[in-house]
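Residue numbers (the numbering used here), protein chains in the order written: chain S, 69 to 554; chain G, 25 to 328; chain Z, 32 to 394; chain E, 63 to 495.
A hint or two may mislead.
[As the list claims (entries may be wrong)] With a straight-line cut-off of 16 angstroms between C-alpha atoms, the simulated EDC-like cross-links for lysine to aspartate or glutamate are:
1. Z/K172 to Z/E231
2. Z/K253 to Z/E305
3. S/K471 to S/E547
4. Z/K253 to S/D490
5. Z/K76 to Z/E299
6. G/K309 to G/E200
7. Z/K153 to Z/D297
8. Z/K253 to S/E550
9. E/K139 to E/D114
10. S/K439 to E/D151
11. Z/K308 to Z/D297
12. E/K135 to E/D151
13. Z/K172 to Z/D338
14. Z/K76 to Z/E305
15. G/K152 to Z/D101
16. G/K180 to G/E200
17. Z/K253 to S/E547
18. S/K463 to S/D490
19. Z/K253 to Z/D208
20. Z/K308 to Z/D338
21. S/K463 to S/D516
22. Z/K253 to S/E400
23. E/K473 to Z/D246
24. E/K473 to Z/E299
25. Z/K253 to Z/D211
26. S/K277 to Z/E334
27. S/K471 to S/D516
[Stated by the list, open to error] Ranges of calculated distance between the beta carbons of each label pair, as one might list FRET restraints:
28. E/D368 to Z/L376: 31 to 39 angstroms
29. E/S489 to S/G461: 36 to 44 angstroms
30. Z/Q75 to S/R462: 50 to 58 angstroms
31. G/A107 to Z/S302: 34 to 42 angstroms
32. S/R462 to E/A454: 49 to 57 angstroms
33. E/F309 to Z/R50: 52 to 60 angstroms
34. E/R161 to S/V485: 30 to 38 angstroms
[What the hints assert, rightly or not] Reference excerpt, derived from the structure (chain G facing chain Z, CB under 10 angstroms, subset only):
35. S181
36. L201
37. S203
38. R206
39. F230
40. I266
Calculated from the structure, these hints are not laboratory results. Quick caveat: nothing in here was measured; it's all calculated off a predicted structure. Backbone N, C-alpha and C fix where the C-beta goes; we use that ideal spot for every residue, glycine too.
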Amino acid sequence: MSIMSSYARALAAQEGRAQPVATVRHVHLSAAPMVFIPLRLAGEAAAPLAAMVGTDPENPRLLVVPQPRNRDLRFAFMAELADVMLPYIEGFAEVVETVEAKTPYERYADAPQILVPSRGGVAFTKLLGRSTRFRRADGPYPVHPTVPVLGQWLTFFADRAEYAGSSALVAMTDALALHFATGQSPMEDANLATQLAWISPPDGQSGAKAALAAEDPLISPPAGPDTHPDFDGQVLEHAIRAYETSGSEAQVREALRSQLTPTWSLMWHAVRLLRGLPEAATVDVRWVRDREQFTRETARLAEGGSPRGRVDSAVRAAIRLADLESVVQTYEAQRAFDDPLVMIEHRVAGKAFTGEVVGVDAARRIVPAGKTRPAPRPLVTIRTSDPVRLSPGRKLFSSRNRKQRTEVVGIDGDLVVLQINDQMGRGASPAPGSLPEVGDVVCYAELDPGGGQRPRLPAGEDTPWTHGGPPTPYTPTDEDAEEAWS
Amino acid sequence: MPISKLGTSPPTDERTRALSIASCHRYWKTAGASGIDRLLLGLLIRSPTVELDALERRIAELRAQVRAAKAAADHATVRLLRAELRKTERAWDDALDPEPEPAQAPSLSVREQVHQALTLLGVPTAGKMIVAVNEAFFAGRVTAGQLTSLRRDEEKSFRTSPYARPYYLCAALTSELLSPARGLLAVSTWPAQIRIIGPLSPRTDFLTSAIRIAEHIARLIHAGEDASLAAYRLLTGMAQNIPGAVDGFDRAEPAQVIAAAGAELTIHRESDMHERGQAAKRAEKQLDQVTRLFGAGLKTARTA
Amino acid sequence: MNRLDTLRGPVAPLDHNARTIAALAVNPGCDRRALLDAAGVDKQKTAAYVGHPAPFGQSPFAITRAASFDALVKANGCAHLLRLLRETLGLSISEAAYADISDVGGNDSHQMRHTRTRALLKRAAAGGDGSCTLFDHPLLKLTVAGHEVYLEPSIIAFQIEGRFHVVEIKSFAVVDDQADAGQVAAAARQSAVYVHALRELFAAEGLDPERVSHDVVLVCPKDFANHPTATLLDVRQQLAALRRQLSRLTRIDRILEELPADFTFDLETQSPDEVGKAVGSVGARFAPECLSSCEMALFCRAEARGDGSTDLLGRTARDALGGLESIPAVLGLADESRPPSPEQLEIAEQLRYVRRLYTEAIA
Amino acid sequence: MIAETPAQAAAAATEAILADFTGGAHRGVIVDSPPGAGKTTLVVTAATTLADSGERLMIVAQTNEQVDDLADKLASKAPALTIGRLHSDGFSVPARVTRHPGVTASNKIEHVEACTVVIATADKWAYVTGRTWTWAIVDEAYQMRSDKLLAIAALFDRALFVGDPGQLDPFSVVDTERWAGLAWDPMQSAVAVIARLNNLPVHRLPVSWRLPASAAPLVSEAFYPFASFRSGTAAADRELRLTTAGFPVPWDRTLNEAAASGWALHELPSRHTIRTDAEAVQACAGLATRLLQRGAVAHDENGSHDVSPDRIAIGCAHNDQVAAIRAAGIPAGVTVDTANRLQGREYDVTIVLHPLSGRRDATAFHLESGRLCVLTSRHRHACIVVARAGIAELLDNHPSTGRVQLNVPVKFPDGWEANHAVLAHLSRHRIEA
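Okay, chain S solo, but in the shape it has when bound:
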């Protein structure tokens, strides 16, 4: 944690209210996001217990497993969940737009967005996907045909959640933490109720006090996936027993509704809070990626794509790692260039600076390394009061033109001299407007919003001996489909 966010936390603690750490909203918020609050049975890896799910704050769907140890009831639950989720997800696969490119292609105009309360919700979504995607509608342990389809989608969403800046599956506590510093620790921020208590405490109450009250499981039950042990022992156990003797789900439903409703309200409250922030400039760029991935997955599934294997192969893992790294870098840069409050972190760390242009040598031409002919390499001198900790040769970008490459030539007191390397047109001298002008206030940072070029990796079937040789490609087996779920 940086000194900036630590300062904001200290301020929040003092003021009794969360403080902003962003001036714009960095996550995409769909017009109709689906809120999904899953619960699981304590002590089990992936035994769903209940879920509250839906797109209408006034009309949540409550799904329960009246006896979570019963495998048939679990799959019935998953089929019911599919009944709610699949129409929502597949509903987006209707309106397409054509993207003008070298080879024009189509993508869906919008995509589904699922909001869960916390990272625990994301992890549990992944487990639910893992435990259902291999299932089959035929064979010895058939499930409803929608169950494996839902499993594939849940896997898709959980995978997307690993990519920085993706808004396909969002943990609400993470989204809030991006925008607000509370007066408690990051660890405690993982509790949606206390985090929101700091962000919008009831009138006349301090955040600290509201957070304390929100820790009471009777007022704010855990947001899942784990339920409160006292609830399990004092309420749920009896309700399940009542189901077993009477066959009526009523008690279990009511018990679980009591646990889920408060979180349901908190989730929509958080959605309204986030909607109150203006959207950051590059949110849409990132959402386009989510839409593209959604388009691809839809096509893959439509072609009968088999479920993703249990683990990534060596090549698959390396490719994914490169993707993950590239989006982290891009996301971090985009966020800073979108939001001066985020940029502060980098300025304080000496990796970025803001200042006024005091000199431009537009006519400068040199022979760049590895080249034979001179090319324009103008110098820009900026006066800054920021503590710049960049050494000559460091590559910088600016919010002015996020694609233009520049490098530090020298730093002398409060003067930084930069060399502009590209984006100046094809002429012998820089194109008009391609350089900052004297008097401009500019911000440069050692942050690259563009993904770098990267080499091709071998195809999976060409995996070299160093990495274990070609793996057997994953094909779903009967065993996978029959995997016990007890």
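Given chain S, put chains G, Z and E in place with the hints provided.
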């Protein structure tokens, strides 16, 4: 959408049930069941489909027998018959009801059902396995909870009137201290060394049980029938823990299980039998008739 | 009477188990916790008494699940376990002998069981006739802060070719060969306590402690089923941490020296207020992580809040703030309402700068 | 039996390595090389051996600086060899490489592929396609991430992987446990992956030619508990002399201690500070300045030389500390860098800002044993550690609650233990400032 129809519970159809009852019948024939067993077996075969008047006749019969037993102060038989009576009455209720109930609990007492399972297995066995065998082969409904006080009750009964019953459900004894081995039930009529638990006995007894279960299934197949799904599941689960007894997650084949378990058994048998034999001799010398069956302890014997 | 007994009052000290001993390493910088633990004070009760009950509990479902999985692994003469040991460690088929030490002929006194544990393990180590392979519920002993404590283990000790291993059975799932890293770490710390205690036992019997392996066999349910699977867990690092913490417990004397002679946490004779004051007078080192591991955490957090301590914001925040102890100091230095001491000059300068940028950006 | 001399031990190790590598029984050979153990010499020997028998060879290193160092040394020792220095577009190859007539530098593989030895960074190799080499040497293989090896492994049949296992693990900006436990987890080092997936012989070089007799035992014990090594030189072979006498002030006393014993702990009063602790920063810069002022002369097995600025390095954990020290005024030519960037480099004297100095709590980053190992094993003569008092308490109070992933080999040494070992040793050379 009728979600509840999506369930995939294994079919408990009448055919499976009938088979297991038949197989049970035959097993007891071959095992030379005692008179009372035969009598009870007769009850066991009854099902809710028996006509109402037949049931009514049986109820009257039982009531008379209860009265007679009561007069003779044969409390054990009274208990037995009363349980039987309750079951028959329930069967009559069910027969009135147009919706047929799923598998009815057999009419044997818990004690008898346990004896039945133990006789099939032939070695001291933990409650859980007894329940599993009872369910897999005798369509029984014994629950683990019903076994907890069984050994204590048997001991009480034995202390009150020794050897009054044809058999007692008793303890297995640890080879070193001749104390009751935790959680195991045995049959008093077994040879003493069978009821001794040496260090290797948990393993050899497990292997023996697997063989006995496999043999039983083989017998059923030989007779042109087949065992229940539960029986195969039980055997497969056991076979997975015996080297070479089953391939991967396939269903276990009795012959392969018998061969594999037998092979491992050969490795342990000699030292296990030696240990058990020695201990049995000591037990013979050191223990009285009660402790020989229910174990000597440094404290009062624990319950099963 | 021992100083620690005075501290605790006239109740029996709380029993240690692997979990409580492993917890010694969770916040070793906290004198408060060290003292309460060393004196065997019931922290749960004390916290409730002073008005900050710990929010801990275990779901009955989790307890049932753990017990039934444990029973499954051990069922039928440890049939599952033998299979796993044969698969993962190459245990030979002939090694199958099993001894249960949960009681000795029906007597389950600690002394009795410990004596038997020692005898059986010694015999096994000597490799004599009738030596066993699996030892269920061995009762081990460990010296903690000068006290001998029994460890009620939920483990099986097991030997292969003269090496002894600890088998730890846990009911969290291993899905596609991965498990929750927090739970695995907790299991590793607990297993390390058993390995350590087992090694002490070996040393006391004149056997080579290194015959107890640092590779623990962790048995968990595989994927979403109940089928057990085994993974070897190297606990060398946890063992080293444990040894460090056990050797550091002697510092209790130093903490005690600074306390008045009649100092006590006795719930019988002292009012909640007095106990609260007594607990408060022993230095704590609160961190938000305590909330998930220490029964006194809510008390300490309330105290930290009262002091406006930067500890509330988390360990990393406190380090980022140059180690400043109080939130008012942070903000006072930032808005220049508080003059910096010479050693605060640097952090004060940074905070002023941060505040200026922050205020600009918010405006 | 007569004890082997360091030179004999090293020669025997090299011989065994080459026999395994060229013998044909294995597709790969791993060589663990502690700091300054003659890794470069081994690479040069292996390259010339192969070249002598008419074989072509590719060499992979991780940074351009490493590639240039290797190319320079190779060309110096084997002038007859044709060496292709393959580099990326826009990179200018330094004169120390291009001055050799046998070296051809180009950014196109077609221009250099005919050379007996082609050498480039792993990043550059990843763009080479359609060609294969029978032999490869991968240098600094512990620094290389396994996904980088994946990109180039199709280029060669057999490879010698050389590297220092005690240094920093490769790094990723992504914090994911998705692949934890997989043998081919791309976030591991290249060596970790090949060793887990292939049964390859592992050799180690037993002698450090860089570290003096005063340092080798400590570094070996603290950071290489399962692969000990010794110094190639005796205590008498190395001497650091300060030509002017010092004043009785802390900086000079610290320098005296370092010159006399090879180690010094310049200890500032205990205090929690920000990362760029001005006093500590000042001490690092001041010690470097003062060392030059006092005219240090280094005597070693090759003769004597003045300790010039380029033979001094200041190392720290964070970039902002590097910037602060540079800003504090250091003599021109003195290297200041983070541990990551000092890997594989060598100096006469190093000054280290202790990663834990002034902190209240340690993080995994600060405790990483590789970081301290790099910082305390770059010197031929002396290492001066600047730190606030209180690190021992910090270590004692450090909670051990790390996460543990199944099937991930435990990393040794543990950062805590290594830090303690170094601190215990340094306490014998403490000068209070």
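Evaluated hints:
no.: 1; hint: Z/K172 to Z/E231; verdict: holds, 8 angstroms
no.: 2; hint: Z/K253 to Z/E305; verdict: violated, 51 angstroms
no.: 3; hint: S/K471 to S/E547; verdict: violated, 51 angstroms
no.: 4; hint: Z/K253 to S/D490; verdict: violated, 56 angstroms
no.: 5; hint: Z/K76 to Z/E299; verdict: holds, 12 angstroms
no.: 6; hint: G/K309 to G/E200; verdict: holds, 14 angstroms
no.: 7; hint: Z/K153 to Z/D297; verdict: violated, 42 angstroms
no.: 8; hint: Z/K253 to S/E550; verdict: holds, 14 angstroms
no.: 9; hint: E/K139 to E/D114; verdict: holds, 13 angstroms
no.: 10; hint: S/K439 to E/D151; verdict: holds, 9 angstroms
no.: 11; hint: Z/K308 to Z/D297; verdict: holds, 12 angstroms
no.: 12; hint: E/K135 to E/D151; verdict: violated, 23 angstroms
no.: 13; hint: Z/K172 to Z/D338; verdict: violated, 41 angstroms
no.: 14; hint: Z/K76 to Z/E305; verdict: holds, 15 angstroms
no.: 15; hint: G/K152 to Z/D101; verdict: holds, 13 angstroms
no.: 16; hint: G/K180 to G/E200; verdict: violated, 25 angstroms
no.: 17; hint: Z/K253 to S/E547; verdict: holds, 14 angstroms
no.: 18; hint: S/K463 to S/D490; verdict: holds, 12 angstroms
no.: 19; hint: Z/K253 to Z/D208; verdict: holds, 8 angstroms
no.: 20; hint: Z/K308 to Z/D338; verdict: holds, 15 angstroms
no.: 21; hint: S/K463 to S/D516; verdict: holds, 8 angstroms
no.: 22; hint: Z/K253 to S/E400; verdict: violated, 38 angstroms
no.: 23; hint: E/K473 to Z/D246; verdict: holds, 14 angstroms
no.: 24; hint: E/K473 to Z/E299; verdict: violated, 49 angstroms
no.: 25; hint: Z/K253 to Z/D211; verdict: holds, 13 angstroms
no.: 26; hint: S/K277 to Z/E334; verdict: holds, 14 angstroms
no.: 27; hint: S/K471 to S/D516; verdict: holds, 8 angstroms
no.: 28; hint: E/D368 to Z/L376: 31 to 39 angstroms; verdict: holds, 38 angstroms
no.: 29; hint: E/S489 to S/G461: 36 to 44 angstroms; verdict: holds, 40 angstroms
no.: 30; hint: Z/Q75 to S/R462: 50 to 58 angstroms; verdict: holds, 55 angstroms
no.: 31; hint: G/A107 to Z/S302: 34 to 42 angstroms; verdict: violated, 60 angstroms
no.: 32; hint: S/R462 to E/A454: 49 to 57 angstroms; verdict: violated, 37 angstroms
no.: 33; hint: E/F309 to Z/R50: 52 to 60 angstroms; verdict: holds, 57 angstroms
no.: 34; hint: E/R161 to S/V485: 30 to 38 angstroms; verdict: holds, 31 angstroms
no.: 35; hint: S181; verdict: violated, 20 angstroms
no.: 36; hint: L201; verdict: holds, 4 angstroms
no.: 37; hint: S203; verdict: holds, 4 angstroms
no.: 38; hint: R206; verdict: holds, 6 angstroms
no.: 39; hint: F230; verdict: holds, 4 angstroms
no.: 40; hint: I266; verdict: holds, 8 angstroms
Violated hints for the displayed structure, listed by number in ascending order: 2, 3, 4, 7, 12, 13, 16, 22, 24, 31, 32, 35.
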